[in-house]
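Chemist: With chain A held as given, fit chain B onto it using these hints.
Protein sequences appear in the order of chains A and B.
The opening residue of the first sequence carries number 1 in my numbering; numbering runs sequentially from there.
The opening residue of the second sequence carries number 1 in my numbering; numbering runs sequentially from there.
These aren't lab readings, by the way, just hints derived from the structure by calculation.
For glycine and all other residues, C-beta sits at the position ideal for the given N, C-alpha and C.
Heads up, some of the hints might be wrong.
[As the list claims (entries may be wrong)] Sample of chain B residues facing chain A (criterion: CB under 8 Å; computed from the structure):
# : residue
1 : Lys113
2 : Gly144
3 : Ala155
4 : Met156
5 : Ala159
[Claimed, not checked] Listed next, the stretches of chain A that the computed footprint assigns to chain B, with coverage defined by at least 3 CB atoms under 8 Å from CB atoms of chain B:
# : stretch
6 : 45-53
7 : 75-89
[To be verified] Partial selection, computed: residues in chain B whose CB lies under 10 Å from chain A:
#  : residue
8  : Phe94
9  : Ile147
10 : Ile149
11 : Phe151
12 : Tyr168
13 : Ile171
One letter stands for each residue in the lines below.
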Amino acid sequence: METVPRIVKIGCALGFIGGIICMIGLALFFEVEDSALANMGAYMLIAVMFFALAGGFAKGGQWSWNVLLLMTFLTIAAVGCSVIFEVLDVNVGIILVAVGALIVASLSMPSSKTWTNRMRF
Amino acid sequence: MKVSKDHGTAFAWLGVTGVAVFVFSWLCAASADSAWQFGVNTLSELGVSDTDASCYFNLGCCAVTGILIAALGCGRTIYSKNAGHIACGVLLAFGGILLVLVGVFTMDTDEHKVIAVSAALFLFMGIIAATAGNWVADRKIFAGAGIVIIFMLVAMFFAYDTAEFEAYGIILAMVWFLLESVNMILSGKKN
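This is chain A alone, in the form it adopts within the complex (with noise of 0.2 Å):
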């Protein structure tokens, strides 16, 4: 049995997280208002992006390496233009950008490449 690359346990962990904080930022700044679905909406879709992040690291994972790395920054991208049109917290918006930042510095190692692109069947 293969064992797992510490460095793909935490990029697994980390997306894990994202998704995590996302839906507390949901949580904790829900307000009943016009926008509330569009609010709603940006946590719930950034929430998605992060676990399936994390989805991505897991053996037999849907994405190759180089499309988990677009993905991740892609998802990063989001939470950016989120903290943009004032759906997200932009405390909330620093976390998330520091939690992609970890994601990709995971990704950019050669033990996690060589396993996304072996582990994705």
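Modeler: Just chain B now, kept in the frame of chain A:
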């Protein structure tokens, strides 16, 4: 044509110098004209100011920075191998020349708006081309940074008014120029 990689690195330093000159001139111009406010007034208003701000803006932010960006674009075109980087170089060169013209045709002329919007579009398309080029050239981290910057610029275009978009957009563009210059320097050292 056989070219030395060392010269590519030298052109990259022009990008860093361009950012430094732009930021320094912007700070000097904003200090000289106390009526100008960040995110409230457009940058072009500095170019028609009655104070020394017009000199700082038209010469520093437009003329010198434009020439340096155009030179960086030429360097990118000459020393690149993939189509994305070559396209980026050509677009940056045109964008740089148009930036020089922004300082010549100031806000009180009819041509200003067309030239300023064209310069911004050329530089934005240059960022897109460089991002594609970096992705193909396996410079994935720099390409990723480009992707984030492109999306944020588009979001700012829709979310902010002109003055605010211009101010924050230029800061993001400066960050990209620094990253791309570092990318060119590292690529030069690698080869």
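Chemist: Of all the hints numbered above, which does this structure not satisfy? Sort the numbers upward.
Modeler: 1, 6, 8, 13
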